[in-house]
Amino acid sequence: MMKNLKSLFLNVSFCMATVAAAGAVQAQTTRSPIVQAAGSGQMTAVVALLDQGVSPDARDSDGVTPLMAAAAGGHFQLVQTLMIRGAHKELTDAKGRTAYDYAVDKKAIDVIGLLRDGS
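Read in order, the letters of the sequence shown are residues -27 to -1, 1 to 92 in mature numbering (1 follows the signal peptide of the UniProt record, and there is no 0).
Take every hint as true, because none was put in to throw you off.
Pairwise CB distance ranges (calculated): (1) S34 / G86: 26 to 34 Å; (2) G91 / V20: 15 to 23 Å; (3) Q53 / K80: 14 to 22 Å; (4) G26 / K80: 33 to 41 Å; (5) D24 / K80: 28 to 36 Å; (6) T3 / D90: 27 to 35 Å; (7) K79 / G36: 16 to 24 Å; (8) G59 / D83: 16 to 24 Å; (9) I57 / I82: 19 to 27 Å.
Derived by calculation from the structure, the hints in this document are not laboratory data. Cβ coordinates follow ideal geometry from the N, Cα and C atoms, glycine included.
Let's have the full structure, built from the sequences with the hints guiding it.
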């Protein structure tokens, strides 16, 4: 258990450093670990956090959910997993954007189809 938590912590820390280095984190935005991991496509970290009881609809300070972050990254399998685990695709962020809107911006055709047609 402790080994898994340590591994999860290292994965999440890596995700946060990667996203920050890419300039994706703005100073005024507080990203939750699950949103960070989802945006970076870190399936193992996201699933571990969900298994620990983190909500698939957890939001950061801008109202972004893991599903939105995964869609913005074009991470099809992660979007699919989050939806299976109960993420709500109709939620909107602080600007009124849904996961579908993020997928459209990314031009992630497979993710767009999943969000449009998936339940």
